[in-house]
Amino acid sequence: QKEVEQDPGPLSVPEGAIVSLNCTYSNSAFQYFMWYRQYSRKGPELLMYTYSSGNKEDGRFTAQVDKSSKYISLFIRDSQPSDSATYLCAIEGANAGKSTFGDGTTLTVKP
Amino acid sequence: NAGVTQTPKFQVLKTGQSMTLQCAQDMNHNSMYWYRQDPGMGLRLIYYSASEGTTDKGEVPNGYNVSRLNKREFSLRLESAAPSQTSVYFCASSPKGVGPGGYGYTFGSGTRLTVV
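Protein chains in written order, with my numbering: chain A, 494 to 604; chain B, -8 to 107.
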């Protein structure tokens, strides 16, 4: 079993829709949770990181962590065509020094 | 521009050839990483370096060697390339040193390697 499983997608939504991207993880020792966005033929870029259960908001993006269920989500409100990309979740242990990535979900937002 | 610089951006090798992928960061980060990305398999860690002078194996180290030349530079070497090493290689860095993490990574733009 992989340490982190990500909903595979692909996902296609109309402009303005609310998007939900999800990952589950297996080890309760994981403490840090990140979301990256990767445009085609580019390197991933860090969108958000959090280390506690609950919600963290940044503009149109909200990261949600439920440690009791080992479940993390990224919500995108008022999605835009420029949000079309692959989104990767990543998790990290307290002193692990390295992240484990999900396989990514490819999102297309249609005008 | 501050960030992670990888060279070359593209490379085609013949089976059995060797090459070194270069990576440099100018953010004074402590940790550096090499990942490979293959379709349907996500990002897999090859090697990482938590500080200058230290390196550790990741998930898929076989066929690779690394050198943390100084705090800025972390190179990845393929001694005898194989078609299974055809992939996109990403270097990343993080402020994390000893102690808690969770800072996230800054990635380079990648090296697209084809081994024929």
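No lab work stands behind these hints: they were computed from the structure. Since the structure is predicted, the reported quantities are computational estimates derived from the model, not experimental observations. Every residue gets a Cβ at the ideal spot worked out from N, C-alpha and C, and that includes glycine. One should not assume that every hint holds.
[Stated by the list, open to error] Simulated crosslink set (EDC-like; lysine to aspartate or glutamate; CA at most 16 Å straight-line):
1. A:Lys560 / A:Glu508
2. A:Lys603 / A:Asp559
3. A:Lys495 / B:Glu70
4. A:Lys535 / B:Asp29
[Stated by the list, open to error] One side of the interface only, derived from the structure: several residues of chain B facing chain A at Cβ under 10 Å:
5. Gln(-3)
6. Met32
7. Leu36
8. Glu43
9. Asn53
10. Gly54
11. Tyr55
12. Arg59
13. Val79
14. Phe81
15. Cys82
16. Thr97
17. Gly101
18. Val106
Right, here's what the structure says about each hint:
{"no.": "1", "hint": "A:Lys560 / A:Glu508", "in the structure": "31 Å, violated"}
{"no.": "2", "hint": "A:Lys603 / A:Asp559", "in the structure": "30 Å, violated"}
{"no.": "3", "hint": "A:Lys495 / B:Glu70", "in the structure": "29 Å, violated"}
{"no.": "4", "hint": "A:Lys535 / B:Asp29", "in the structure": "14 Å, holds"}
{"no.": "5", "hint": "Gln(-3)", "in the structure": "8 Å, holds"}
{"no.": "6", "hint": "Met32", "in the structure": "7 Å, holds"}
{"no.": "7", "hint": "Leu36", "in the structure": "6 Å, holds"}
{"no.": "8", "hint": "Glu43", "in the structure": "14 Å, violated"}
{"no.": "9", "hint": "Asn53", "in the structure": "18 Å, violated"}
{"no.": "10", "hint": "Gly54", "in the structure": "19 Å, violated"}
{"no.": "11", "hint": "Tyr55", "in the structure": "16 Å, violated"}
{"no.": "12", "hint": "Arg59", "in the structure": "14 Å, violated"}
{"no.": "13", "hint": "Val79", "in the structure": "9 Å, holds"}
{"no.": "14", "hint": "Phe81", "in the structure": "6 Å, holds"}
{"no.": "15", "hint": "Cys82", "in the structure": "9 Å, holds"}
{"no.": "16", "hint": "Thr97", "in the structure": "7 Å, holds"}
{"no.": "17", "hint": "Gly101", "in the structure": "5 Å, holds"}
{"no.": "18", "hint": "Val106", "in the structure": "19 Å, violated"}
Hint check: violations occur at hints 1, 2, 3, 8, 9, 10, 11, 12, 18; the rest are consistent with the structure.
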